[in-house]
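J.: Mapping to numbering that gives the first Met the number 0: the sequence shown position 2 is 1, numbers consecutive.
Please keep in mind that the hints were generated in silico from the structure rather than gathered at the bench. Keep in mind that the hints are not guaranteed to be accurate.
To be verified - Capping the alpha-carbon separation at 27 angstroms, the derived lysine-lysine pairs in DSSO-like fashion look like this:
| no. | residue 1 | residue 2 |
| --- | --- | --- |
| 1 | K119 | K75 |
| 2 | K43 | K147 |
| 3 | K147 | K104 |
| 4 | K147 | K75 |
| 5 | K104 | K43 |
| 6 | K119 | K104 |
To be verified - Computed spacing ranges between beta-carbons, pair by pair:
| no. | residue 1 | residue 2 | range |
| --- | --- | --- | --- |
| 7 | R5 | R29 | 32 to 42 angstroms |
| 8 | Q71 | P3 | 12 to 22 angstroms |
| 9 | G153 | F4 | 30 to 40 angstroms |
| 10 | S76 | P3 | 21 to 31 angstroms |
| 11 | P132 | P50 | 33 to 43 angstroms |
| 12 | S106 | A6 | 27 to 37 angstroms |
Fair warning: this is a prediction, and the values are worked out from it, not measured in the lab. By construction, the Cβ of each residue, glycine as well, lies at the ideal position given by its N, Cα and C atoms.
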Amino acid sequence: MVEPFRAELLNPASIDVLLGNNVMVEDTTRRQFIEVDISDNSIKQPFWIEPGEFCLAEIQEIVNLPDFLSGQFLLKSSRGREGYEHALAGFIDPGYRGRLTLELKNSLRHSRLPLYPGLKIGQIVFHRMCGTPLAAYDKTGRYNGDLKVTASRG
Numbered sequence: 000m001v002e003p004f005r006a007e008l009l010n011p012a013s014i015d016v017l018l019g020n021n022v023m024v025e026d027t028t029r030r031q032f033i034e035v036d037i038s039d040n041s042i043k044q045p046f047w048i049e050p051g052e053f054c055l056a057e058i059q060e061i062v063n064l065p066d067f068l069s070g071q072f073l074l075k076s077s078r079g080r081e082g083y084e085h086a087l088a089g090f091i092d093p094g095y096r097g098r099l100t101l102e103l104k105n106s107l108r109h110s111r112l113p114l115y116p117g118l119k120i121g122q123i124v125f126h127r128m129c130g131t132p133l134a135a136y137d138k139t140g141r142y143n144g145d146l147k148v149t150a151s152r153g
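Work the whole structure out from these sequences, hints included.
T.: The following block contains the structure:
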């Protein structure tokens with residue numbers, strides 16, 4: 000359900016996911032998001048998000064849920080304690096396939112926060128459904144199949 004699968008990312012009730020190569024940041028002149036490739040950034044030379052700044056980011060992994068499971072993205076508690084915040088749009092519908100887009104914010108008032116590919120940003124918890132939906136996300140979802148960070152489609 001998570002590709003590539005890495006056994007070392009398994010937790011007792013979830014699997015960790017890593018930050019991917021692309022983020023989208025606000026273009027203040029045009030009131031839209033622009034994509035930024037952070038694949039050359041690292042823990043030693045990160046891409047910084049400023050205090051109060053919001054950005055969209057992708058995970059490295061591709062999620063592929065069957066129609067009898069849903070998922071939920073949750074920020075790693077360590078990231079929350081450092082000042083990262085994730086919007087409450089973390090539900091993953093049964094039948095979803097693609098790379099998740101995260102809504103991240105630096106909730107600190109005075110310090111920047113680093114982003115770089117491979118940062119252990121969050122985890123996915125899976126929930127077994129008591130039945131299958133009439134129409135799974137692979138049939139109804141507007142973001143199904145996305146393989147890179149994606150802005151809102153309304």
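J.: Next, verify each hint and record whether it holds.
T.: Now the hints, each set against the structure:
1. K119 x K75: 7 angstroms, holds
2. K43 x K147: Given pair K43, K147 holds - Cα atoms ~24 angstroms apart, limit 27 angstroms.
3. K147 x K104: 19 angstroms, holds
4. K147 x K75: 21 angstroms, holds
5. K104 x K43: 21 angstroms, holds
6. K119 x K104: 16 angstroms, holds
7. R5 x R29: 32 to 42 angstroms: 38 angstroms, holds
8. Q71 x P3: 12 to 22 angstroms: Holds, since Q71 and P3 (Cβ atoms, about 21 angstroms apart) stay within the stated range.
9. G153 x F4: 30 to 40 angstroms: The hint (30 to 40 angstroms, Cβ to Cβ) holds, given that G153 and F4 are roughly 33 angstroms apart.
10. S76 x P3: 21 to 31 angstroms: 24 angstroms, holds
11. P132 x P50: 33 to 43 angstroms: With a Cβ separation near 41 angstroms, P132 and P50 satisfy 33 to 43 angstroms, so the hint holds.
12. S106 x A6: 27 to 37 angstroms: 32 angstroms, holds
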